[in-house]
Every structure is written in C-alpha cells, then in structure tokens.
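A.B. asks: Here is how the chains run, residue by residue.
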Amino acid sequence: MSIRLLFIITFFVINSCADWETKTDIIESGIINTERVILVEDFTGASCPNCPVGTAELENILEKYPSNVVVLGIHSRFLADPAKTGDPNLITKDANDIEKLLGNYVGKPEASINRRLYTGNNIRISRPDTWITYIDQELKREAEARLKIEKNYDDNSRELNIKITATSLIDILFPIHLHVAISESGIFTSQSGPSGVLDNYEQKHVLRKLLTPVGGELMTDGLTKDKSITKEYKFILPAETEKLWKANNCSIVAFISKNETEKVILQATEEKLK
Amino acid sequence: MINQKYYILILIVIFKSSLSYAQEGLSVWGGFQTNANLFLKDSAIGAINIPQYDKQIFGSETWINLNISYSGFLVGLRYDLFNNSNLLNPNSSYTANGLGRWFISKSVDKLDISAGYLYDQIGSGIIYRSFEERAQLLDNALLGFSLKYNMTDNWNVKGFAGKQKNLFSSYNSFIKGINLNGFYKKSDSASWSIAPGIGFVNRTYGDAIVEELARTSGSYLPIDQFSPSYNTNAATFYNTLYYKNFSWYLETSIKLDDIYYDPNAVRQLPKGQTNLGKFVKGPGHVYYSSFGYSGNKIGITAEAKRTDGFDFRAEPGLALNRGLVAFIPPMARVNTYRLTAYYTPATQFLSEGAFQLDVKYNINENWNFGINYSDIRDKDFNKQFYRELHTEITYKQPDHYQISFGVQRQEFNQELYFGKGGQPVVKTFTPFVEVLYDFNETNSLRVETQYMHNKQDIGSWIYVLAEYGISPHWLFELSDMYNTVPLKGKKSINYPTAGLVYTKGNSRFGLRFVKQVQGIVCSGGICRLEPAFSGFRASITTNF
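From first to last, the protein sequence lines are chains Y and G. One rule links them: number in our numbering = place in the first sequence (from 1) + 212. One rule links them: number in our numbering = place in the second sequence (from 1) + 553.
Simulated from the structure, these hints should not be mistaken for lab results.
Only pairs whose alpha carbons sit at most 16 Å apart, straight line, appear in this in silico EDC-like list of lysine to aspartate or glutamate: (1) 1043(G) to 293(Y); (2) 235(Y) to 760(G); (3) 305(Y) to 607(G); (4) 824(G) to 275(Y); (5) 949(G) to 991(G); (6) 716(G) to 760(G); (7) 824(G) to 271(Y); (8) 416(Y) to 275(Y); (9) 360(Y) to 483(Y); (10) 375(Y) to 444(Y); (11) 936(G) to 964(G); (12) 296(Y) to 411(Y); (13) 352(Y) to 247(Y); (14) 608(G) to 309(Y); (15) 850(G) to 911(G); (16) 446(Y) to 429(Y); (17) 475(Y) to 429(Y); (18) 360(Y) to 438(Y); (19) 375(Y) to 429(Y); (20) 235(Y) to 764(G); (21) 443(Y) to 362(Y); (22) 455(Y) to 414(Y); (23) 470(Y) to 356(Y); (24) 834(G) to 237(Y); (25) 437(Y) to 356(Y); (26) 276(Y) to 247(Y); (27) 235(Y) to 810(G); (28) 824(G) to 777(G); (29) 711(G) to 662(G); (30) 312(Y) to 607(G).
Pulled a few chain Y residues facing chain G out of the computed Cβ check, cut under 8 Å: (31) 238; (32) 239; (33) 241; (34) 261; (35) 268; (36) 340; (37) 345; (38) 405; (39) 408.
Here a beta-carbon is modelled for each residue, glycine too, at the ideal position from N, C-alpha and C.
Hey, can you work out the whole structure from these sequences and the hints?
C.D. replies: Next up, the structure:
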C-alpha cells in the first residue's frame, strides 16, 4: 500500500513540475529586409538517402528569401556516387576541396551558412529544419558589401566573360577574397531517398566548377566605405552532354570572404548565365 | 569556467600533504593507456580522403589516471591527450589535451560526499547513466557533486547535480537527480528478497538552448510548432525480486514533455509540401524487464523492453551517441566474432519493442550448449527491425583442446540501421568454428573462422584468424577477411591483419598491421561513414 502511495505521489509531483515553469514565447521567423545575401553550401549527394530532406528545406528557404539566399550544392565524395549506374557523376574535385577546406563533418545532409561557426567545432550544420534559424541570424547582421555580376556569354564559342564588382558599405579593414563558381540546375538523375531510389530527381544548384582557388582569390587588402573593386574572369563552358553543362541551366555564383583561416563569407550573389 | 590548473594545484597539494605527513594508509594506483595509429593510404579499400591519410599520417589517444586514497579521502586525476584522433569523428581529426577527469570523495559517518567528474547510474540507467566508453570517445561524466546517505546497510538515498561533460567543456544544461535504493529480506533463511528503487532526474536547459528552440519552433508552420521550455523531468521505478534460483527485474521509466528531434516526423512546408524531421515535444516511456534462472546445469535469461519517445540528451540538437543522459539497455546478443558482429542493431530511442531469450545448458563436463534468440521491432511490435538466432556448442577436453561451433541467422533492417532507403532486409547465415589447442603449459593455438552467406548489402565474406600464444608473454595474430561473393560491382579484396602482443606484469604492448573494411552507420537522420582503415596500430596499457 505504501509503495503504491509513493508511486502515486511521485507521479503527481513530477507531473506538476511542468507547470512550475513560466511559458517561453516562440520567436517567430519573419521576413527580414536587408541587402545581405547569404551563401548556403548544401553538402549533399545522389546516393545519400536523407539528402532530399535538406534540399526540400532549401527550396522552402529560397521561396522565403529569393533575393537574400544563394544555394550551392556541394556533391563531395561521401554518399555522392550515382544512385544508379549510367547517371552522371556529380562529384567534382572542387566540391571535394571545399569539403576539405571547411573541415570537420559528421554526415549528410549538412549545410554551411556563410561558413560561420554556429555549432560546436563544425562549420557544417546538420538538422535541416534548423538551417533557417541560422539564416535568419545571418540576415540580421549588418550588410558589409554589395556584389554585382556582369556577364557576357557567346553561344557559339561557349565563352563566358564575367566581371565582378564589390562595393563596400562600411570600412572594411581586412583582406577580401573573391570566389567565383559555376552552378547548374535541371540535372535529372536518380536519387536515393528515405524509402528507396527516386527516379528523375532534379538536382539543383550543383557546383560544377570553381573559377577561383578554393580559398578564394585575394581581391584587396581592405576597402573603404563606398569604394568598389572589380575582377574579371573568362571561362569556356565544357561541351554540352546529355545531362550536363546546359548553358540555360547554369548560373554564376560569386561570394567574398575573409581568408582561408577566417572563412566567413561577407556577401554572395548569383546571376543566371543566360 | 575555473582554470584546470587550479584543480590540479589543489589535488597536488592534497597528494603532497598526504605524502609528507604519513605513508601509512596511503594508497596510490592508476593506469596508462595509449593507442597510436599510423595511417597508410589505400584507395583500393577506401582508406583515403581524411586528414590523417592526406597529411597527418599519425594519430593517437592517451589516457593517464592516478588515484590516491588516504585518511578516508579518495582523490583521482585523469589527463587525456588526443592527437589527430579519428575516434570522435571518423571523418575528421581531433587534437586536444587537458584534464579529462578529477574527483574527490570522502565518507563522513553515513554520508558519502563526492565532487568532480562523477560516474553513476539510476537503476539500469534508463533515466540517468554517466559512464566512459573509450572506444567511441564517449565520456558523459557529470561535472558536479554527489551526496549519498546510507540510512542502513541496505537502504541509501543519493542526490547529485551538475553539467554533463562534453570533451574538455560541458553541455549547456544542468542535470540533478535523486535516487533511493533498498534491499529487503525478512530473515537470513527467507527464500525471497527484493531490491526496490526509485529515481528522479531533472534537466534544465541553458538560455541559449531555449532561445534556439524558440527560433526553431518559430520557423515551423503553426501546426508543427512546439512550446519551448527549460525543464524536463524523468522518473523511474524498479525492483528486483529474488526467489530461490530465480530473479526478476522490472523497471518502468517515464519522461514528461521533453523536446527532442524525430527524424521521421512529418513537417508541413508553406505550399502544402511536407518534409521529414522536426523537433517534437512530448512524453516518453520505457518498460524493461529481465528474468533470470540459474540452475545446476541450466541458465536462462529472458528480457523484454518497450521504448516510446525516450531520446533524453543534455542538449536537444545532439545526435548519434553525443550527450546522452539516458542509457537504454540493448536487446541483442553481444557477438564477438568478426562476421557475426558485423550487423549490430543500434538501440532505437523513439520506437522499439523487443525481447531476447538466452539459454545455456551444460550437458556434461565436456559438452555445453547455448541458444540465443532476439527479436526487435517497432514500439507496437509490428514492423520487424532485427531478428537473430544464435546457437553454439562447445566441447572441452581440459588441458588439451576446446572446440566451439555453431551458426548464426540474422535479419537486419538496413533501411533503419544504415539509412539505406528502399534496400531489402539483410539476411545472413553465418556458421562459425573456433578451436583452442594447448600444445603444452605455455604454447597454445587458437583458430577461428566464420563464413557469412549474404545476398544483400556487402555480399558474402569469409574470415579466418589464427592466434599463437606463448604464455605468459607473447601472443601472435594473423587474420584475413575476404569477400567471396562481392556485390554491386565491387572487387574481391583481402583485408589482412597481423599483430603481436607482449605482456609483462600489468603491462600489455601491442602492435598490429590492419586493413579494415568500411561501413556506413545512419542514425537519427544522419549518415556517418565508418571509414576503412589501413595502417599500423600500436597500443600500450598498464596498471600500477
């Protein structure tokens, strides 16, 4: 009898503990108006069953912030082999190099948000449903620079000329490194999913080529407010294959960062190639 | 955080004072363990592309601990050193060193007082267990204090409070608990006795954690939003009933309204789409029971468990084996042979219903027979996750030889345990034989072999190991693992290992050349690579 009484009392005591606490309000995620553009690097792969969850999350984020978020799909070696024989292999050396540059990781899907260290020792963040909270935090920071892409693409020669202009919105007193990449969407492949292989899955924002070194190219040692600096690049698009290097699906992605040690990205931008 | 040097200074002062004032009653003991890896790139088996193979080449882990007892005080120190270690995360490199543990304890009359990094558990650990598992670089000691009051020889109550250790720092939550343990036997001649207990644990998140949860909840659509909170409470009730040769353990644990990540929960997106994975808030429970019988010739153990929503961690964003406050007993046989242990079912915290039966029978002094059956399903016992039947027969001819042989049958849901969506259930059939032959009092040979017949996942494999021992110092080892029927366009590759161990007193020195097969472990919506290994492994362990 006494044991039963003890059980009942304990149950009511711990049950009532939940009411001791004052309710904490939810922090609603509203639209943030800013000039800042965030780079999200999505570490993904065609043979990664959990990765479509991350991709769907990013599409949702892009709908919310179409002008403030740029996504780059990093198909680095882990779980990125084609899900079915005959599919194009989306792994690139540049993707593997970015994976190495950003260091520690646990698995996939993971994303880096402006390459800022948000959790523990890892720049890459798991749990896709939390990515938007870090993007919101990143968007609330003061915009430091503006980036502009001007491009000229010739269909016949497949030559692409790019001019990137960075304009400082504050006095930047440290070196700025520029990164330029070509990404491609509309690549239809098989994709491992939580309940089997998905056919005809659209791979979006896939990093195809870095035009700058993986740590970026030194643009300037500093930039006073309202000053601009420009860099130009030339790239010949590889010959189109059945599924890859379709100029209509390609985009130019540019972003500026501190340096290889302090990898934080200051600003990003994206422009369709055609 | 108080400087670690401060703690070391206090402990050294205590140690030195003890030495100065008296040698009598002073005991000093400790241990040393180091593992060193030399990484040799081998692209054929996938031993590439982590910093250790690319550039670091060498990695190691070292633990040195020292314990001192004097005049009722027990003081302990452990120094940990990790250099390019891949234990924490097999995909990367971890380098750090510092004071891994310190503690001091003292008994005053009926009161035991402890402070520092403490290991303990309540019941079987379902609502609270702090322990160290070096093979996984798992050390969730509680940095805090503990008080235990021994009311009688058989009844005690203890309380503890602190923060869970996270490598050389601690997680952003505070854990406290209280536990009553007892034992009752009517008289020395009574045929029955009971050992009941009750425990309560509260975990309080730090402000930053709750703010993060509030933001995450705010980013969900209203239908998926949860109310962020600081506190979670868990309680457990347990008892062991002993009657003659029988014992029966029963534990019921409940956890109220905790916020945890459910990788399979469906979350709504704004335009009507859905996605998998979200934080949810809700209660959880575990029912666990174990029945044992130990007779003259027969031993029987039967266990059953049901788990629902019991992912109890120091922080809500943690995954895999990090920050676990709870330890839920696994329900599958612990296999030791290389191939019978390849498919091991990880404990499911959110939904699991399982039972296990283990019978050991001594036919006579030469023959033993054992059979184990385990069955793991979802919480409603509908969907099969894992099933294993393991039989083993042993024949002993004392001082001459011993032969063990048997067969294992496994059904392993790789969709769940490896995260390989849409892949069929792995069905293995693994016969095994082990022979131990004593040539004389000092020389012996042990040979084991297993063949895993498997038409799914990694295909069929054979493993052979020979160990030659020259007692009391030397042990030589040679083994190979080979995929006889590779699948998915893979090549058949040999994974040889050769090694030697030298034992002298309390010290053991080992050196091995290892080629180890790669695997993937997926849990909690995250897939983690357990990379192949190629290179040398050296180890030294000693106690003093």
